[in-house]
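Visitor: As a plain string of letters, each chain reads:
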Amino acid sequence: AQSVTQPDIHITVSEGASLELRCNYSYGATPYLFWYVQSPGQGLQLLLKYFSGDTLVQGIKGFEAEFKRSQSSFNLRKPSVHWSDAAEYFCAVYYNQGGKLIFGQGTELSVKP
Amino acid sequence: GAVVSQHPSRVICKSGTSVKIECRSLDFQATTMFWYRQFPKQSLMLMATSNEGSKATYEQGVEKDKFLINHASLTLSTLTVTSAHPEDSSFYICSAHGTSGGGSSSTDTQYFGPGTRLTVL
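Read top to bottom, the protein sequences are chains A and B. Position 16 (the first sequence) corresponds to 16 in our numbering; numbering is contiguous. Positions in the second sequence are counted from 1; adding 1000 to them yields our numbering.
Bear in mind the hints are in silico, worked out from the structure with no lab data behind them. C-beta: ideal position from N, C-alpha, C; glycine also. Don't take every hint at face value.
What the hints assert, rightly or not - Once the Cα atoms are required to be at most 35 angstroms apart in a straight line, the calculated DSBU-like pairs of lysine-lysine come out as: (1) A:100 to B:1020; (2) A:68 to B:1041; (3) B:1066 to B:1041; (4) B:1066 to A:100; (5) B:1014 to A:100; (6) B:1066 to B:1014.
As the list claims (entries may be wrong) - Computed list of chain B residues with no C-beta within reach of chain A, every gap over 10 angstroms: (7) 1008; (8) 1013; (9) 1026; (10) 1055.
Build the full structure now, drawing on both the sequences and the hints.
Guide: See the structure below:
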């Protein structure tokens, strides 16, 4: 069955430090992968997506993610975190039967001053 | 582009009443819309898939008669929580999936609304 795992429920980083949020997926076919960010009480904003091609994907707000098929991973990175990056981050895989998104459990990011 | 709105953003109602939530794709046509429910500190739970002009497809365990979904046009889907009870209190989020109006394709990407906080007293 298709699934997405975000191993880290909560991560705290210092402002200016680098960030990596982990995402592993289980999907039989070539996956369509997404990262979304959610601020408290808000909807989800698309950060970036991977469908095919270059495995290093650039997104908004300085985020990037790398698709590694051999590791079934799609980790999100940012070289220097800003206090405004504190939010919940969701990794998702597109399940093309029905066009559904399967979400990971989410990773809450806190940023220390 | 690819903006999705929801209305209302917040609603408080008495137990037993019905509440309608609207989801609109503002700058593109959405052939498919999705409704999610999110509990505090949890991920999104897909409730149903709504296709324009046809009946919604509900996920297992979601009561069709309680959560009525209508997708009457390519830019509007509504979720009506009928006879709401306190356990229906939650954050409801919609998403829209389709092609953007400028000719570029945003197929296979879901764009989310800002959510609706429902509190049932």
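Visitor: Out of the numbered hints, which ones does the structure contradict?
Guide: When the structure is compared with the hints, none of them turns out to be violated.
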